Every structure is written in structure tokens, then in C-alpha cells.
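Protein chains: 2
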Amino acid sequence: MYEDVELRLPGPTPVPPRVFRAMTQPMIGHRSGDFSALYRRLVPFAKELFGTSGEVFFLTGSGTSAMETAVANLVSPKDRVLLLTCGNFGDRFGQILSAYQADVDRLEAPWGQAIDPEAVIKKLRSAGPYKAVFVTHNETSTGVVNDLARIGAAVKEYGRGALLVADSVSGLGGLELRMDDWSVDVAVTGSQKALMLPPGLALIGVSERAWRAIENNSSPRYYFNLLKYKASAAKAQTPYTPNIAHLFGLAEAFQMLQEEGLENVYQRHFLMRDMTRAAMRALGLELLAPDECASSTVTAVKGPEGLDVEEMRKVIKERFRVQLAGGQGSLKGKIFRIGHMGYAGPKDVLTTVASLECALSVLGYDFQLGSGVRAAQEVWLEEVRG
Amino acid sequence: MYEDVELRLPGPTPVPPRVFRAMTQPMIGHRSGDFSALYRRLVPFAKELFGTSGEVFFLTGSGTSAMETAVANLVSPKDRVLLLTCGNFGDRFGQILSAYQADVDRLEAPWGQAIDPEAVIKKLRSAGPYKAVFVTHNETSTGVVNDLARIGAAVKEYGRGALLVADSVSGLGGLELRMDDWSVDVAVTGSQKALMLPPGLALIGVSERAWRAIENNSSPRYYFNLLKYKASAAKAQTPYTPNIAHLFGLAEAFQMLQEEGLENVYQRHFLMRDMTRAAMRALGLELLAPDECASSTVTAVKGPEGLDVEEMRKVIKERFRVQLAGGQGSLKGKIFRIGHMGYAGPKDVLTTVASLECALSVLGYDFQLGSGVRAAQEVWLEEVRG
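In order, the protein sequences belong to chains B and G. Mapping of the first sequence onto the numbering used here: position 311 corresponds to residue 311, and the numbering continues sequentially without gaps. Mapping of the second sequence onto the numbering used here: position 361 corresponds to residue 361, and the numbering continues sequentially without gaps.
For the record, the hints were derived by calculation from the structure and aren't laboratory data. Be aware that a few hints might be false.
So these bits of chain G aren't anywhere near chain B, every CB distance computed over 10 Å [unchecked claim]:
| id | residue |
| --- | --- |
| 1 | PHE20 |
| 2 | ILE28 |
| 3 | PRO117 |
| 4 | ARG221 |
Here are the computed lysine-lysine pairs in the DSS-like style, where the Cα-Cα straight-line distance is at most 25 Å [said to hold, decoys possible]:
| id | chain 1 | residue 1 | chain 2 | residue 2 |
| --- | --- | --- | --- | --- |
| 5 | B | LYS332 | G | LYS228 |
| 6 | B | LYS228 | B | LYS47 |
| 7 | B | LYS334 | G | LYS347 |
| 8 | G | LYS47 | G | LYS78 |
| 9 | B | LYS314 | G | LYS235 |
| 10 | G | LYS334 | B | LYS235 |
| 11 | G | LYS332 | B | LYS235 |
| 12 | G | LYS314 | B | LYS235 |
| 13 | B | LYS78 | B | LYS123 |
| 14 | B | LYS228 | G | LYS332 |
| 15 | G | LYS123 | B | LYS332 |
| 16 | B | LYS78 | B | LYS47 |
| 17 | G | LYS131 | G | LYS78 |
| 18 | B | LYS78 | G | LYS78 |
| 19 | B | LYS302 | B | LYS332 |
| 20 | B | LYS230 | G | LYS78 |
| 21 | B | LYS332 | G | LYS314 |
| 22 | G | LYS347 | B | LYS228 |
| 23 | G | LYS122 | G | LYS156 |
| 24 | G | LYS156 | B | LYS78 |
| 25 | B | LYS235 | B | LYS131 |
| 26 | B | LYS334 | B | LYS302 |
Since we're looking at a predicted model, the values are computed, not measured. Backbone N, C-alpha and C fix where the C-beta goes; we use that ideal spot for every residue, glycine too.
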């Protein structure tokens, strides 16, 4: 029985019962008025989440399908683009760009650090122009959030017309995104992170300014062709049969986010981040990312000295029923990651920390049992007391 | 309230309660042993359904995403291919092939007719060679099933090595597919038809013989890259976050198909086809496809003389609570289509026919009320009596 395992991954995340109930409504025809009514109900809040007066489309696919949609619609072979990467998912953007034969220039930050907006300005001035700049909003592999507001301002001022594309797969819904204010032209996200759905649905926001590049793009695309999405959106439909169950669920998830209020949602994620970080520090564990760029949806922690991280993940899952993520790429075996996004709150952080303490104790790690939980409680109390 | 509307579309189709229940199991990590166990449970029956000892992969996307996966992995720009088309979804294959800059030769049959295997042989001999031949197994837009066994034999004998790709989106699970026996190299299907799931998942079967072309293909692809799927399948995983809820549901749908027995499943679909066709004839309505190539998952019916088909569809949906599909492309406004696949049986045909009769009666169509239902009953009784 895996059903009593708490999922504390940076996706998939737990699905709220009311979202599951919404997903199991009887199917409707995707060319019917019933579907268009659902579609029209989803659009306004989707735009609010993306912070755009542009368009938001619903793609039936994983987050990666939305990343590829951005590339396939904006990049023609040999187009010169700038990739800002500080982790595994930045690198994935690079792989997709290479598959589409883009001429990719890279600006990297070490894994665990954020992209420096000043370095972006320097790069744009010294090595531009680029057709587009690709950046990860929230880097899932390292628990780092990039300063998209400043990067957007840099691209706007020094980019000589370059478009800015942001992967917010593990960000949107858990941390703020303001496409229009930050000059982000295309942003993508997935359903299985802060949006509280199972995987299988992706969203893409497109600014008014991006359409000219999309219209003139020569890369082969059909399923990912945004022009077809735009034409269908005018009828409140999708060009291909959409993931109706997920869209039913999305309407319910949107309802939950609206009931809580987006400001409160973001605040809850900050609280979970701060509780998690305080707990890790109290346990003597080292955090991968510094405070200034620490993600509010996922925290990466270096493995305790002398302990096998993968063994620890096994013990905490099998004995104490919490599933944590391991490291990716070069960080495999060196870190573990705690997801705290979507359908999760401060109490979930407490049980996660408590279970982690139990696993550490079993493995002979030297610390005071309960000290991590107490540190997290203190952060929570501080927030509650104001 | 749309919940009391019976969905008799050629997809999406009704989802069985036990499939919905399976879909709402708590999420699992897609890089965990829990997921690999699910994956391994799905593969053997998926292969049985496709009739192949090759590989079957699970794609997170609509049926169209699987069609594009076939094209993106087999066709490089300027590759010469043969498209066999007799309807809207054959034409869709053509659009995808054009998007990938294939050099497309076409062999068409009129909408409502099947592709003639003899004409395929002639074409292959006179105009070949082709890198691949693309064909629709079950043409959703016209209710026509192509003789894939004979077309496969033709391509094998006269194709000079051409690969055969079949779109069985509205076929597989409702009608037999035997990839290996019929020399089909790649076949695709979607979840929302005879497989009884919501839309959002697609399956693709790949023969051993297809891999060389896939490995040597130059079209840009990342999300649709079958080489990545193959590598991940070796670990019982998918390369990108899969639609876990749908895969949970698929395991339950497979269980249902196994409990009934595939032979019985196909027989039930033949019965629904025959009941539907007998009823339409008894009502004096003309069938689009002749008996020889009539699909067992969807029946296309010409609009009754003097009646507005779209008005009729509106009346049957709003007043008698059954949703039928209209015509596509050049058949829009001229036909209506009755879906009878997946989670459906003879009783559903009876209520559909009865509701259709009620709508026709309201609209002043001249016929004997109950005559269609009786004709369908007679077919059912004949089957039951053996």
C-alpha cells in the first residue's frame, strides 16, 4: 500500500479531494456549448495567474510539451537565442532549443545559485542581439527562484527586441508571475505542481508582442501550433481533443485559489519555505540555495555528512511514509529535495520534518530529536502572531 | 445540468465509474518504484491490444499528438510518402505530413467509402517507392473501417520496404488490430474512444522494423522523440512526467476489457453497429457507408430529407438528452454520427434510437414511432438466440 505515503515531491503533488471529485464529472463533447462554457470560465483567472492581458491556452501534455510549444513557435533553425540556465530544467530548455537547431548562446549560474540580472545585461550588451531569451522562473532541480522582474527589465532595456520566455512549471500558482509588468512574452506551466492537479495539462501564456514571431516561424509544428490554438480560442475551444477531466479539475483548483486569495496563497508558500529552511538549519543540514534566491515551492538540502542520501530517502519513504525527491544530474546522491507547493500547508511541513527526523535518527545521525520541528513551529507562530 | 445527457459521440465517450474511481487514487512519484510497477502492469495487455510483440508507449497528449509522433519520428523533410485518405482524419495525417515538409502522394477514396487495397497495389507499383504509407484504420468522420489486413499485405508485397503507419484512434479497443500479422509498423490510438478514458492519453505501438527509420530521422522533436521513450521504457518509466491519473484509469479499463474478453468486446461492437444500422434503415434513413466497410465504433447517417440536421441534433440533445455528433468538413450539415464504442452496449443503442425517434417525431418527420427500436431489438434477439 502506497496510499499512506505523503508525497512531498516538487511534482506530482497531492490532489485535493474536491479537485478529484470535479475531475470525475461525466464527459462532455469538446465541440459543444458545454465545453465552451467551461473554457470561458477558466480563461479570466488563468490570465490573472499569469499576470497578463494577453492570451492563455490549455495544452494537453506535460510541462515539457509547453516548453517545446514555446520553442517550436518562436525559434526557426539557426535563430540566435540566449539561454539562462542554473539547473536541470534550464538545461532542458537548452536541449529543446538544440533539437530545433537554434544557435544557442548560454549564460550559466552554478547549480544552487540564481542568474545574476547584471550578468544578463552585460551579456545582452556584449553578445546580442538575440531573437529570444529563455529562462527558468523556478528551477525545480535546485530550489532556486530567478528574479524574473529584474531579468525582464534587463531584456526590455538591453535586449534590442528579444522576446523573453519563462518556464514557470514549478512556480506558477505558488509564486507570483506578472508577465505584463515584467515584460515576459511567453510563460509556461504544468498542472501537477502548485495548480494541484495530476500531471497531463499544461498552460501557456502569450503576450501580444509574441505573435509576430509566432506567425513568421518556420519550424515544423502541428500539435504545438499556437496559431491553431489562437483560432480555436476565439470559439472557446481547443484545436485538438482536450484533457476534459483535467480542465474540470482546473476549474475547481482555480476556485480554491480564488477562495483563499492569491496573496494568501503566495504567503502560505513563503511560510512553508521559511519553516522548512529553519528546520533544516536546526538539524544542522546545509541548504543548497542561499536565502536571497530560495524557492517557495521546493527546498533542496545537502545530504547529511556521512549519510547516504538515497538510503535516507528510502528509509523515510518505507518506514516513515514520506516521499522526498533526490538530486538530478550532477546533484544526484548529493542532495534531497522537499516539495512544499500546491495542496500543502504548514502542518504538512511539520509532519515532513518530523518524519525526516525519525529517518535521520534511525540512520544514526547526531542531533536532538524534535529540534527541527520546534524551529518550524517557531516560524509558524511568528507568522500567526504577526 | 448537462449530466443527464447521454454522450453518443465518436469520442469523448462515457467513462465507467470504476475507471473514474481508479483515476482518483492518490498521486505517486513518476520516478518511483510505485510508478514502474504500474507501468509494467500496463505493458503486456497494451501489446495484446495492438497485436504486437514490438513496443507500446504511453504518450501524454491527445490522439493527434500520437499521429504527430509517428510523423516526427519517421519523416524527414522531402521524404516521399503515400497518404491513403477517405475522410477528415486521413486528411489530418496529410496536414501533419505537410507541416513536416514531406513530399506527399495521395490515394483518396470518396468520403463514405473505404480505400481499395487493389488501388493501393496499383499505386505502389506505378508510383513507388515511398518511405512510408499512412492510413486511417477507422475513419471517425465517415464511420468507415479500412481493410488494414489487406492494405498491410499490399504494402508488404509491393511497398519495396515502405513502412505502414495506421491511425487507429477511434478503432483500437473496439475493433481488432493485429500489427504484427498485418505488417503494420506504427499504430496510434487515443484514450477517449473505445478505451473508456477521458481524453489526454495516447498510445503508440512500434514494430521492431521501424526503429532504423526512427534512429535516422532528422526532423526536430523532443517531447515526441520515440528514442527517449524507448530508453525510459527500459526502466519502466516515461521520459516526461506522465498523465498518472489516466494511467491508473487505463489499468482499470484494461482490467474490464480482460474480464469481458477481447473477442466478446469486438463482438459487442459489431452488435451495436448492426443494431444501429438496422434501426436507421427501419426509419428510412440512409447510411453513409456501405455494409462492407461499416465501422463498428461509429455510424454516419445522412440527414433525413427536408430536415435540418443541426436542428435535429439540437432537439435530441436539449429535449431528449442524447448528444450525437454532426458532420465534419464537406459533410457538415449533411450527416449526423452516432458513437457506439467503449463503455456502451445494446441497451444504449436502444435508448439512442428511441430518443432519435422522439426528436424526428417532434420535427414532423414521417415514420412509424417505435419502428427503429424494434428493428434494433430484432438484431439483438437474433444475436442472443444465436
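Quick rundown of the hints versus the structure:
no.: 1; hint: PHE20; verdict: violated, 4 Å
no.: 2; hint: ILE28; verdict: violated, 6 Å
no.: 3; hint: PRO117; verdict: holds, 28 Å
no.: 4; hint: ARG221; verdict: violated, 6 Å
no.: 5; hint: LYS332(B) x LYS228(G); verdict: holds, 20 Å
no.: 6; hint: LYS228(B) x LYS47(B); verdict: holds, 19 Å
no.: 7; hint: LYS334(B) x LYS347(G); verdict: violated, 60 Å
no.: 8; hint: LYS47(G) x LYS78(G); verdict: violated, 32 Å
no.: 9; hint: LYS314(B) x LYS235(G); verdict: holds, 18 Å
no.: 10; hint: LYS334(G) x LYS235(B); verdict: holds, 22 Å
no.: 11; hint: LYS332(G) x LYS235(B); verdict: holds, 17 Å
no.: 12; hint: LYS314(G) x LYS235(B); verdict: holds, 18 Å
no.: 13; hint: LYS78(B) x LYS123(B); verdict: holds, 19 Å
no.: 14; hint: LYS228(B) x LYS332(G); verdict: holds, 20 Å
no.: 15; hint: LYS123(G) x LYS332(B); verdict: violated, 55 Å
no.: 16; hint: LYS78(B) x LYS47(B); verdict: violated, 32 Å
no.: 17; hint: LYS131(G) x LYS78(G); verdict: holds, 10 Å
no.: 18; hint: LYS78(B) x LYS78(G); verdict: holds, 20 Å
no.: 19; hint: LYS302(B) x LYS332(B); verdict: holds, 11 Å
no.: 20; hint: LYS230(B) x LYS78(G); verdict: violated, 29 Å
no.: 21; hint: LYS332(B) x LYS314(G); verdict: violated, 58 Å
no.: 22; hint: LYS347(G) x LYS228(B); verdict: violated, 39 Å
no.: 23; hint: LYS122(G) x LYS156(G); verdict: holds, 13 Å
no.: 24; hint: LYS156(G) x LYS78(B); verdict: violated, 39 Å
no.: 25; hint: LYS235(B) x LYS131(B); verdict: violated, 31 Å
no.: 26; hint: LYS334(B) x LYS302(B); verdict: holds, 6 Å
Hint compliance for this structure: hints 1, 2, 4, 7, 8, 15, 16, 20, 21, 22, 24, 25 are not met, and every other hint is.
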